[in-house]
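Chemist: Read off the chains here:
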Amino acid sequence: MTPAELQLREAIEQASRAQAELERRVFQLKSLHKAASELSRLTQPRRIMETFLLTALGLFGVMRGLTLLVNTQTRQGHLVQRGLTQLEARACEQNLALIAEHYLPEERLPRHADFLLPGQEAAPGLLPADTALILAQRVEGSYALLSAIGPRLSGEDFSEADKTALLNLAETMANALAQNLYHHEIAHFSAGLMRQGHALQEAQRQAVQAREMLDLQLFQLQTLYDFTRELCPLASTEKLLEVFLLSLMGTFGAGCGCVLLCDRNSASVRWVARGVPERRQWTLERAEAFLYRGFQAAEERRLAPMSAGFIMDPPASLPESELGFSADTAALFTVDETLFGMVALGPLLHQAALPAKSRELLLGLTVNWMAFLKNARAFETIQALNADLNRTNVELRRTIAELTEARDQIRLLEVAKNRLRQLIRREVERAGRFRPADVALLVILSAVLALAFNYSSPNGIPIVPEVVFQATPPRVDVLMAQQLLARSEAVLVDARPSELFQQKHIPGAVNIPAALFDVIYPMKLGPTLKAEQIVLIYGRTVSKRYDDEVAQRLLQRHDQVRVLDGGLEAWEKNGLTVAP
Amino acid sequence: MRLLGQLQAALTHPVLGLMLRVYVGAVFIYASMYKINYPGEFAETIASYQLVPYWMVNLMALVMPWTELVSGILMVLGVRTRAAAAAIGAMLVLFSLAIVITLLRGIPIGCGCFTSMEDPLEWGTLARDLLWLAMTIHVYRYPSALQLESGLFKSLREVEA
Chain A
1061 MTPAELQLRE
1071 AIEQASRAQA
1081 ELERRVFQLK
1091 SLHKAASELS
1101 RLTQPRRIME
1111 TFLLTALGLF
1121 GVMRGLTLLV
1131 NTQTRQGHLV
1141 QRGLTQLEAR
1151 ACEQNLALIA
1161 EHYLPEERLP
1171 RHADFLLPGQ
1181 EAAPGLLPAD
1191 TALILAQRVE
1201 GSYALLSAIG
1211 PRLSGEDFSE
1221 ADKTALLNLA
1231 ETMANALAQN
1241 LYHHEIAHFS
1251 AGLMRQGHAL
1261 QEAQRQAVQA
1271 REMLDLQLFQ
1281 LQTLYDFTRE
1291 LCPLASTEKL
1301 LEVFLLSLMG
1311 TFGAGCGCVL
1321 LCDRNSASVR
1331 WVARGVPERR
1341 QWTLERAEAF
1351 LYRGFQAAEE
1361 RRLAPMSAGF
1371 IMDPPASLPE
1381 SELGFSADTA
1391 ALFTVDETLF
1401 GMVALGPLLH
1411 QAALPAKSRE
1421 LLLGLTVNWM
1431 AFLKNARAFE
1441 TIQALNADLN
1451 RTNVELRRTI
1461 AELTEARDQI
1471 RLLEVAKNRL
1481 RQLIRREVER
1491 AGRFRPADVA
1501 LLVILSAVLA
1511 LAFNYSSPNG
1521 IPIVPEVVFQ
1531 ATPPRVDVLM
1541 AQQLLARSEA
1551 VLVDARPSEL
1561 FQQKHIPGAV
1571 NIPAALFDVI
1581 YPMKLGPTLK
1591 AEQIVLIYGR
1601 TVSKRYDDEV
1611 AQRLLQRHDQ
1621 VRVLDGGLEA
1631 WEKNGLTVAP
Chain G
-3 MRLLGQLQAA
7 LTHPVLGLML
17 RVYVGAVFIY
27 ASMYKINYPG
37 EFAETIASYQ
47 LVPYWMVNLM
57 ALVMPWTELV
67 SGILMVLGVR
77 TRAAAAAIGA
87 MLVLFSLAIV
97 ITLLRGIPIG
107 CGCFTSMEDP
117 LEWGTLARDL
127 LWLAMTIHVY
137 RYPSALQLES
147 GLFKSLREVE
157 A
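If you're matching them up, the sequences are chains A and G in order. Following our numbering, the numbering of the first sequence begins with 1061 at its first residue and continues without gaps. Following our numbering, the numbering of the second sequence begins with -3 at its first residue and continues without gaps.
Simulated from the structure, these hints should not be mistaken for laboratory data. Note that CB positions come from ideal geometry on N, CA and C, so glycine has one too.
Beta-carbon label-pair distances, calculated as ranges:
1) Val89(G) with Ala1630(A): 32 to 40 Å
2) Met(-3)(G) with Gln1562(A): 55 to 63 Å
3) Lys1564(A) with Ala6(G): 49 to 57 Å
4) Asp1578(A) with Leu126(G): 34 to 42 Å
5) Arg1486(A) with Glu118(G): 46 to 54 Å
In silico contact screen, one side only, chain G against chain A (beta carbon under 8 Å); selected entries:
6) Glu40
7) Val48
8) Trp51
9) Leu58
10) Val66
The following block holds chain G by itself, in its conformation from the complex (with noise of 0.2 Å):
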């Protein structure tokens, strides 16, 4: 019991959260950076997972890696981190359904995660996903060292008072 105890402390401890959060962020943002500077790459990408109308690719071709980028950011910077872990994590569970069932139809593309030229989509993908999504949970539901929004307000409560 004490030991999970100290597990429960571990787990839930700020600076673990910090960590995540950067990290996850960090990830968000590299990825969100070749997407952006190549949005017809990655429209070709989308559009090989066959799941998206094709009169949509483009729009989300465009949306989607700054919806990352920002998200990222913010998640970094601990700035409305609750909200940006939620997009953050709405997209992950979005990757992960493409990629299962892109794997179930057997379509043979690349997973197109961070650039166009990676190796074929495999199971080994989705669980990278999943633990990242569950990266993402952590840093949604535990409080965080360090976050830029929290500092903020701390010092706007002294105002007040």
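One chain only, chain A, in its complex shape (with noise of 0.2 Å):
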């Protein structure tokens, strides 16, 4: 062979080896073209990997290889292979979380496709132990993708060029995986949306059912408010009980209906009904009896105090005879052992039957107005208390004021005993004693007797001599009586009693008493005595005073009257004689 045919040889070998090349690089590209626009099309990740994992095969002509997509947060991910026996492709799948973490550490993550191996020794067993190359490479934010590539058939070794190819066709993959991923998100997100969706129509939907729930608990608090308003300034047992049964028949509905209450502790019952055509007596006895059979219809049997319950199947149990109306619903009510009853409502006008609800409202309703009967009982019992003690207190007042009266009686008593227990003592000490005054009350006693008897008697005389009050008739000296009697001109008179007289008198003198003048003067003198003859008068003692009398006497029959001056004393001091 020529040196030239040698070149030639050579220059057309090189030639024919550079266009070989160049045809595999044609055919590379090709196949990389046609992968990344197969790639692009799938939708599946599965899908995506597969398609590289058999271009990639196919193109460098090998038999052996995997692609691992793992979640590195999560460390789990999905595997594709092809040409591994069943127990690496085994191992790969157990042992995934181990070589995610080996081989895809999260920090160290390339963000383009990098070959680990060669460069990097492969951990023993956690890969087949013939891979040549190690792919590693990260997606889209926590995914990333290994993909290991086995030997070539032919032996020989990956040029630079395969690697470069490779490097696409895994950044190709990437791509598409990436997008799928968005594409995945964006339906995961839709699908989200779609879930919260129907969430929030059902969370409207139990809105919805809450309002209306609470709008029943408001009716129903509204209710029990007014009809706790309606039943607070009540204190009587009787309007109690008639605006309970107007408040439930307007409530719920009731054309009619009524309420039993019997109290054991009066042995009394109260019966109130509307609209019911007759009026009914009940006797404790039977109130009883059919409360009895009511409490044996009831939902419970016994009812605790303060509580209420219904009677199933009212109009059995209740029977129209008794009630006068066929009742729809009725409820027992226990207030205590000795007060309980029954309240009963006809058939509703809006509706066939009570809802649960409003059977709970009518209990509640029922028990809210118990404690007001309770209220309104205890309420009686105060004022009947109060009555009873007013009326003890009215008794006390009275029974007091007796009680006072007494007592000032008692005192008055007490006075007037004392009073005269002294008066009595100080008499019985007086009867015994001698008193000056007892003397001049005597003497005071019998003047006025004395005197009042003189005023009446026929034998009265004047208290004081009458010659006091007269006139004193004309006197006469011793001297000039002398000489009258001496020329015989008088008549001498003695006017003393007759024993002072014959005593002692005047010569010649003619003895008159006064006492006795009437019967004396006309036997001694009225016959002698002449008209123009002086009648001398004398005699007087310190007691009376006799010539004055006489005088006065004389005075009526005759002129010349003449007392003498001093009288018998005057007489003898003049030494006249005197008889005898």
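Assembly of the complex is requested from the two constituent chains, each provided in isolation within its own frame, with the hints serving as guidance.
Modeler: Structure follows, in structure tokens:
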């Protein structure tokens, strides 16, 4: 062979090698292009990964390989393999987390596809032992890809061009996957939105339901409030019964109804009915028997104090003949052991039967009402006690007044008794004692009696001698008298009583005692007395003026009457004689 | 001594007191009767004693018999016995003095003790008055039975008890 030939041959060989190389490049590029266009159409990650693996194996004449898509955070992923034994594939799937941890650490993950092998020791046992290339790359978010490619069938090593082509292919796959992941995410989002929409609708529905519930509760509370407000000012059981029944009928729209209340304490029955034509009279026995039948048919046979319960099938257990109407709804209530009863409502105007909520409300109202009933009863008891107390007070006050009066009387009597005692004591002490006042009293009494008797007696005498008030008769002195007697012009008269005259008198005197003047004068002097003669009278004592008395009497019959001044004493003083 | 004691007991016995009381009271009641009926005559009697001023004679003649009567009644009944005895005693003293004076003056008059027609005064009259006076003093000093007043107050004392 000539050198030229040799050279030529060499040049031809070179050219053919270059051509082969170029063709292979073209093939590779075509394959890449094909793969890229195919990858961009695929929507499933698994399919993308399969396409990538098949393309890569086909492109480089490799029998075995695998691709792993891993979420680096959850360490979960998908494995796609070709040509691995079943054992190897299972081992890979089981060690997925370990593989991810070893080859795809989050912090060292390359943004673009990069070879880990050659250049880094493959972890023993994690990937097939004959792995020629290991490729790692970040896809999107926390997702990463690990691709392992086995040896070429031809035994050749991978050229740089091969590697570049592989990298390009891997990039394409990563893009497709990323795109695919975006799609997925959007779909996921949209599904989420859809779910949320549904949840929202559900929530809305629940809100509406809740609102309805609230409305109902509000209605019930409002009813309860109105009911309570209406009951509040009532203090009498009778009124409470009426208002309760009317409220129930109004609230539930019943045309008729009744309330029956048994009070064992006072052995009384109260019956209030509305919309029932006839008025019923209940005895305690009859009412209790009736209620007993009700308790037999009640949902709860025994009711705790301050509770209420419905009667099942009221029309059957509460006969119309007893109530006067057909009861659709009836409830029993117990305030305490001595106070219990029943409330019954007739057919409702707007609905067939009471809904559960309304039944609850009815029980609630009844229990509420019972509290008022209990209060009213307590109030009535208090009132009764008060009335009793007032009565007792009045009696007490009256008794106190009577006692006070009696005490005053006793005090008065005591005073009277003391006075009487003092009086008696004084009188007793006085009885045996001498008192000048008694004597004075005695004399005064005597004087009064004497004067009174003298005033009315026919033998009465003047208290003071009459001569005291009469004019004194003319006087003559002893000398004049003596001359008159001597000339016999005068007659001498002694006016004293005869005993005194006989004892001593003027010679020649005629004794005419004053007391006996009317008898003696006519006898001794009257007939002999001449009209011109002077009658000269004497005789007086300290106790009696006899001369004046006689002179007064004589003056009524004779003109010339004189009284001797000084009397017998003057006569004797003048030394004249007296007889005897 | 024993005799003296018995005598004193007898003299101060309430029954004796009662007897004297009734006697003296009755005498005065009796004495007052005529004088009350005939005060004019009694006035003459008083005047005859010549002891009372002339303007007082009638008044005395009216009041004195009534005093005798009331005192006598009280004495007999036993009501305010001591006051009555005192009044009667005073009158007896007065009478006795009047009798003594009149006797001493020698005025020849009747006593006028019971009626106006009586024997002239003599010393016996004085003795009689003095005896009555002694009886009156006894009544005044010693208790006597059956006194209306003490009986009344005895029952009152029972009431008080």
